[in-house]
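Undergrad: Starting from the given sequences, assemble the full structure and let the hints guide the process.
Here is how the chains run, residue by residue.
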Amino acid sequence: MRRRKLSRRDILQGAATLTAGSVFATPLRAQAPEPIAVTSALVEAAKKEGKLIFYSSMDLPVGEKLGKAFEAAFPGITIQIERSGSERLFQRIDQEFASNIRAADIVNSSDASHFISWKKNGWLMPFVPEDVAKHFPENYRDPDGLFATSRVWLSSIAYNTNLVKPEDAPKSFADLLDPKWAGKMVKGHPAYSGTIMTATFQMVRELGWEYMEKLAKQRVMQVQSSTDPPKKLSLGERAVMADGNEYGIVLLKEAGQPVEPVYPTEGTPTISGPTGIFKTAPHPNAAKLFQAWLHTRETQQFFVDFTAQYSVHAQVQSKPGRRKISDIKLMKEDAEGVEKMTEEIKTRYARLFRV
Amino acid sequence: MTTITATDTPKRRIDFTRPVLWLFAAFMIVLIVLPLSWLVVFAFTDKARRPTLQNFVTLFTDPAFLDPLMTTAIIATTSATICCLVAAPIGWLVSRTDMPGRQIIRALVTASFVTPPFLGAVAWELLAAPNSGMLNQLYRYLTGAEDPLFDIYSLTGLIFVISCYTFPFVFVLVANALDNMPGELEDASAILGGKAWTTARRVTIPLALPALVAGALIAFLQAMTLFGSPAILALPAGFHTMTTKIWSLFQYPPKLELAAAAAVPLLLLTILLLQGQKFLLGRRGFSVVGGKYGAPRPIEMGVWRWAALAFCLLVLLNPVFLPYFALLNAAFSPNATTLVTPSTATLHNIVFVFTELSSTQLALRNTVILGASTATVGTILALVVAYVTTRRVIATHRLLGFLATAPVAVPGIVLGVGLFLSYTRPPFVLYGTLWILLLAFLTINLPSAYQQLQAAFATIHPELEDASRILGATRLQALRQITAPLLRTGVIATWCFIFIGVMRELSAAIVLFTSQTKVLSVLIYDLNESGDLAAIAVLGIAMLVITFTVVLAVNRIPMFGGGAGARLRNS
Chain A
0 MRRRKLSRRD ILQGAATLTA GSVFATPLRA QAPEPIAVTS ALVEAAKKEG
50 KLIFYSSMDL PVGEKLGKAF EAAFPGITIQ IERSGSERLF QRIDQEFASN
100 IRAADIVNSS DASHFISWKK NGWLMPFVPE DVAKHFPENY RDPDGLFATS
150 RVWLSSIAYN TNLVKPEDAP KSFADLLDPK WAGKMVKGHP AYSGTIMTAT
200 FQMVRELGWE YMEKLAKQRV MQVQSSTDPP KKLSLGERAV MADGNEYGIV
250 LLKEAGQPVE PVYPTEGTPT ISGPTGIFKT APHPNAAKLF QAWLHTRETQ
300 QFFVDFTAQY SVHAQVQSKP GRRKISDIKL MKEDAEGVEK MTEEIKTRYA
350 RLFRV
Chain B
0 MTTITATDTP KRRIDFTRPV LWLFAAFMIV LIVLPLSWLV VFAFTDKARR
50 PTLQNFVTLF TDPAFLDPLM TTAIIATTSA TICCLVAAPI GWLVSRTDMP
100 GRQIIRALVT ASFVTPPFLG AVAWELLAAP NSGMLNQLYR YLTGAEDPLF
150 DIYSLTGLIF VISCYTFPFV FVLVANALDN MPGELEDASA ILGGKAWTTA
200 RRVTIPLALP ALVAGALIAF LQAMTLFGSP AILALPAGFH TMTTKIWSLF
250 QYPPKLELAA AAAVPLLLLT ILLLQGQKFL LGRRGFSVVG GKYGAPRPIE
300 MGVWRWAALA FCLLVLLNPV FLPYFALLNA AFSPNATTLV TPSTATLHNI
350 VFVFTELSST QLALRNTVIL GASTATVGTI LALVVAYVTT RRVIATHRLL
400 GFLATAPVAV PGIVLGVGLF LSYTRPPFVL YGTLWILLLA FLTINLPSAY
450 QQLQAAFATI HPELEDASRI LGATRLQALR QITAPLLRTG VIATWCFIFI
500 GVMRELSAAI VLFTSQTKVL SVLIYDLNES GDLAAIAVLG IAMLVITFTV
550 VLAVNRIPMF GGGAGARLRN S
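Line order of the protein sequences matches chains A and B.
Following numbering that gives the first Met the number 0 from start to finish, the first sequence increments by one per residue and tops out at 354.
Following numbering that gives the first Met the number 0 from start to finish, the second sequence increments by one per residue and tops out at 570.
Simulated from the structure, these hints should not be mistaken for lab results.
Just to be clear, a hint being listed does not mean it is correct.
[To be verified] Cut-off 25 angstroms, straight-line C-alpha distance, at most; resulting in silico cross-link-like pairs (BS3-like, lysine-lysine):
| no. | chain 1 | residue 1 | chain 2 | residue 2 |
| --- | --- | --- | --- | --- |
| 1 | B | K254 | A | K119 |
| 2 | A | K119 | B | K46 |
| 3 | A | K118 | A | K133 |
| 4 | B | K254 | A | K345 |
| 5 | A | K119 | A | K331 |
| 6 | A | K50 | A | K278 |
| 7 | A | K278 | A | K119 |
| 8 | A | K323 | A | K133 |
| 9 | A | K252 | A | K318 |
| 10 | B | K254 | A | K118 |
| 11 | A | K328 | A | K170 |
| 12 | A | K278 | A | K118 |
| 13 | B | K254 | A | K339 |
| 14 | A | K67 | A | K252 |
| 15 | A | K345 | B | K46 |
| 16 | A | K318 | A | K331 |
| 17 | B | K46 | A | K339 |
| 18 | A | K323 | A | K252 |
| 19 | A | K331 | A | K118 |
| 20 | A | K164 | A | K252 |
| 21 | A | K328 | A | K318 |
[To be verified] Stretch-level coverage of chain B by chain A, calculated; a stretch enters the list once three of its residues show a Cβ under 8 angstroms from a Cβ in chain A:
| no. | region |
| --- | --- |
| 22 | 128-137 |
| 23 | 245-258 |
| 24 | 324-337 |
| 25 | 352-364 |
| 26 | 428-439 |
| 27 | 523-535 |
Quantities reported herein were computed from a predicted structural model and do not represent experimental measurements.
All C-beta atoms, glycine included, are put in the ideal place defined by N, C-alpha and C.
TA: Here it is as structure tokens:
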């Protein structure tokens, strides 16, 4: 690599112009509350509630595994995970709040810009876990303590090794426009998936809408969730994944499936998933406990090891044998930018890809 | 046809019928008129609720709306035609011939009806996705070909899958009509020298025609308003139908006005079709169960019996054998579309669905509760309305009949929005509860339940009730003692029909569910969007097992006078 070697921290800080820094430079800036650790009082209060409802867009087996780990750590609390695409969850949460339904305790979105809206609406509860205060970079946590980035991951290209030889595989987004890939690609949908929304924003910013126009002419198989393209790829349904979760590809590859990730030369779209508690949470203590537990070094390490995603917790190590995020050329995140362009992306995308 | 109206009845005992009926009428009006009026309001107004036709202008000048409309018309017409072509011969073979295995064929058609269309669509993804589909894999293996044999992600594929799970609607109506047709009429034709074909042309077909036309209509409407199959198969192929287009309008920020307006063409088309049906069938009366009849004589087919059976089984390969095989395979497979062998079989998917997937229990419970309650309330409602309309008990019977049929014109997804608009504000705040889903499922299933029971009533001549009432029984007594036993089969069938309908329902649920009121269909649809096919297979099989168990159990419950005289002609 010709690029200067950067530390993981540098990359994460440099690559991300995340929600936190820019958005929250508002004049009415409250102070974040005192950091809180997992105390026995909190555990007891959470156990009295006995339940937690977690809205999340994480790949289902990944999310449920995390849920089971929480249940194992705090017996007596059951967790119900509402998994759907982030854009769908965003719409549902909006619909539920509009009807005075307060079902959700805590939410993890793969579109960081959603937290801008929720913060503006005043829907989030300030709560800062001790680990977040101590070990999370500033631009990965809300200055008012409303949320913190629980995970970072990528949307990459990938190919099925049974169907494509490594030397023939695409190396860049530009390569995907080669006529030989027509009818052979699968991708997610930005109106369903926050990952794809974020990735589409970054790709449009770097490559322009012309790129998307050309890609749309390639007869791409259009699935919804960013967790689906890796699965369609490993089934052999399509030879190349134009976008989708890189962590899904890494996990499938480690499980022996014939898939291989490609980090495009133009840079790989980067996504961060913040987690925050709703003010109206029906199980507020369980939600606080979960938020505190989720951001501890142990949980973050477990999460990274098990899900092949990345953590911004300063003490978390990448799993040996896996590619380090610092070795990958990343596209910059810009949640504010995404928020401004959401409508345009949904409309233009639907027009180009016809669904 | 003479009917005795309420005013002619003996006055000695108080007849509670009328107040009860008016109550039902009021309930129906709230149930159906409320969501529909909200839809109309939204279709003809802008965001500030000022009257405008702009929504329709947008709709009819944008190819992004016109294409789906055309596509939907093509799908509905072709599917309805295919359904009739397939269902009519099978119905006739099962009802009128000595083909072996008729009960099995009936059971298998029931199985295709019980299978939710979205589950069938997922199963067909497993079978006929162009590259990973098992049938295509087999084809490539056998022929060495490069290109796939089938591509389920196409208009043809979608029409095929929709037909697979719509033809039972036609079958049920045709087979029932043929079952209930008295043998004497055909015998009379034969005695008078009519050849087999003459009898068929002059007696059997005319008597079965109303059922076939009604079946074609239902098939058309089903195909038109289906959401799950198009969402699963059309979107990856890069096209929309009206329902998926309407669904996409609910994405954030929701464009409810356009969605409501987009429902209007579908509504008009349905009204047109219903009128067309009336025109075609004219005013002919078809009540054929009056006094006593003999069972029709089965037609002897000789060696053709086996050919007929082979034909039926071949047809049923598509909605039943192949998809169930694909689902079973996926449930035990580490990779959804790899053929399971004893050495690769895994219980992992089953363990995942029942011990790790946190929504499973909740969705199972909600679905069974909703299925049973909707079926019970719906059957009672449909029974009353069917009685009122066939016997013309109250002056507004036409209106009631229209109300009971009207929801058929409203795609489930649009009805979902109508209900959402109606029940998220006082006085009825039902969103977030199972009640709103109950209302939705009730409304959606009412038309077919009503039509089924109306058909059942229509075949029972009022002379039987009249006889009872002349002998001094009240209307309710006559109903309980005479009509109910005759209707028992129809009532149980309708209950099961609605129960299955609830299990199959996705389009309204997808708009109305919340995390606490999730149902199985929504869970399966979510799993499809994230590509968790093995989990779908497990849940789908669980769903089918529940449905079959409930349906079989219900058929054994003695109701309305127990097992005695389920059908007059059998006793």
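Undergrad: Is K254/B close enough to K119/A, meaning Cα to Cα at most 25 angstroms?
TA: holds (22 angstroms)
Undergrad: Can you confirm whether chain A covers the region 523-535 of chain B, using C-beta to C-beta distances below 8 angstroms and requiring at least three such residues?
TA: holds (count 8)
Undergrad: Given the hinted pair K278/A and K119/A, is their alpha-carbon gap at most 25 angstroms?
TA: Satisfied, since the Cα-Cα distance of roughly 13 angstroms is no more than 25 angstroms.
Undergrad: Under a C-beta cut-off of less than 8 angstroms, do 3 or more residues of the region 245-258 of chain B approach chain A closely enough to confirm the stated coverage?
TA: Satisfied; 6 residues make the cut.
Undergrad: Assess, step by step, whether the Cα of K328/A is no farther than 25 angstroms from the Cα of K318/A, and give holds or violated.
TA: Within the cut-off at roughly 19 angstroms; holds.
Undergrad: Tell me if the straight-line CA distance from K254/B to K345/A falls inside 25 angstroms.
TA: holds (13 angstroms)
Undergrad: Given the hint that K328/A pairs with K170/A, does the C-alpha gap stay at or below 25 angstroms?
TA: Holds, because 13 angstroms separates the two Cα atoms, which is no more than 25 angstroms.
Undergrad: Is the straight-line distance between the alpha-carbon of K252/A and that of K318/A 25 angstroms or less?
TA: holds (15 angstroms)
Undergrad: Given the hint that K50/A pairs with K278/A, does the C-alpha gap stay at or below 25 angstroms?
TA: holds (16 angstroms)
Undergrad: Run the distance test for K46/B versus K339/A: straight-line Cα separation, threshold 25 angstroms.
TA: holds (22 angstroms)
Undergrad: Closer than 8 angstroms Cβ to Cβ for three or more residues is the test here. Does the region 128-137 of chain B pass it with chain A?
TA: Check passed, 4 qualifying residues.
Undergrad: Quick one: see if chain A covers the region 428-439 of chain B, three-plus residues with Cβ-Cβ under 8 angstroms.
TA: Coverage by chain A holds here, the residue count being 3 at a Cβ distance below 8 angstroms.
Checked against the numbered hints above, the structure violates none of them.
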